[in-house]
Amino acid sequence: MGEIKFENLSIPILKANELIANKLREKWDKEKTFVINFISSPGAGKTSLIEKILNYFKEFKLIVLVGDIETERDAERIRKKGFESIQIITGGACHLEAVMIEQVISKLKNRYDFIFIENVGNLVCPSVYNLGENLRFTLLSVPEGDDKPKKYPRAFLTSNAFIITKIDLLTYLPFDLENVKKEAKEINPSLKIFETSALKEIGIEEVCNFIKEERENWIKRI
Amino acid sequence: MHEYSLTLNLIETLDEERIKNNAKKLKKISLKIGKFSGVEPILIFHCFEILKKEKEEFKEAELQIEIENPQVKCKNCGNVFEPEDFPFICPNCGNIYNEMIKGFDIIIEKIEMEI
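Protein chains in written order, with my numbering: chain D, -9 to 212; chain S, 18 to 132.
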């Protein structure tokens, strides 16, 4: 009986997730599929925003993967818009992992221009897991309060865009729009910020233009 | 609460190392948790204490956790510094566009195993 000791290993514990995420990334690069991961707390309006975004993507082959702990509700909402959608029921897990995406993707027969992934409603855990996406969007709604970016920095730190939702409620609620944007930029200076309201159709086109531009730039690179 | 999933990832990764080295048991593990990793170290510790009992090879394993301070590299002047909090302003040139080097991940640093 002996002992072995390994020092200075530097093995990330998310190595397995990263490997799968990279595999997905390679596949999507090859198929020219542009993938967006939407993160927010429950009720910030991910599904409502995606529903509105879809109106500008009718000419594309697109699928929405929706993560939730229970129910098929969000996927049904997307299907009503005439787009394909698959619900990933995590059965308790508070985030999506690359392996969950891989399981769904391996069963798909078609190629897509876009895959939108609506993560499980949670501003903490999803930010730790790379799903192989091209862009990550973090949403924060006006009713949640303007103090959130610094409370949940990792979501903002790892995102490409910060989408403020339900701005039609600014009239009714104390929410310092300029300060929330300043705080988010302090965490991640390269964040692109959008002010939106799905209900009043504000700022949706700007988000869509950003997605399309980013995709075009990416296609030129690969 | 993603600490449970992360601890499962930790155990899987450790077990891979154990099998690779033909070891019988895990004895000591040192884990570095970055201050900005978005993870609660105490929860990882408790999850590990519960989950290790389910696996014969892990029952005696002792988990040590060290908090790793963030380290970033200024994208403008190349200065490497340890910021206390956001914004990560370079003390050398005042730039806030930085590259994260350390303190944002969860890393296995040391493993001791019985062979």
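No lab work stands behind these hints, which were simulated from the structure alone.
Note that the Cβ used here is the ideal one computed from N, Cα and C, for glycine as well.
Where hints are given, some of them may not hold.
[To be verified] For lysine-lysine, the following DSS-like pairs were computed, each having C-alpha atoms within a straight-line distance of at most 30 Å:
#, chain 1, residue 1, chain 2, residue 2
1, S, Lys92, D, Lys190
2, S, Lys37, D, Lys17
3, D, Lys5, S, Lys92
[What the hints assert, rightly or not] Over the 10 Å line for every Cβ pair with chain S, so calculated as not near, a few chain D residues:
#, residue
4, Ile1
5, Ala6
6, Glu21
7, Asp64
8, Arg67
9, Cys115
10, Lys210
[What the hints assert, rightly or not] Derived Cβ-Cβ restraints for the label pairs, each shown as a range:
#, chain 1, residue 1, chain 2, residue 2, range
11, D, Glu(-3), S, Glu99, 34 to 44 Å
12, D, Asp137, S, Glu83, 48 to 58 Å
13, S, Leu25, D, Thr61, 46 to 56 Å
14, D, Leu160, S, Glu73, 34 to 44 Å
15, S, Asn109, D, Lys22, 40 to 50 Å
16, S, Glu99, D, Cys198, 37 to 47 Å
17, D, Asp137, S, Glu101, 38 to 48 Å
18, S, Lys72, D, Glu206, 21 to 31 Å
What hint numbers does the structure not satisfy? 1, 4, 5, 9, 11, 12, 13, 14, 17 and 18
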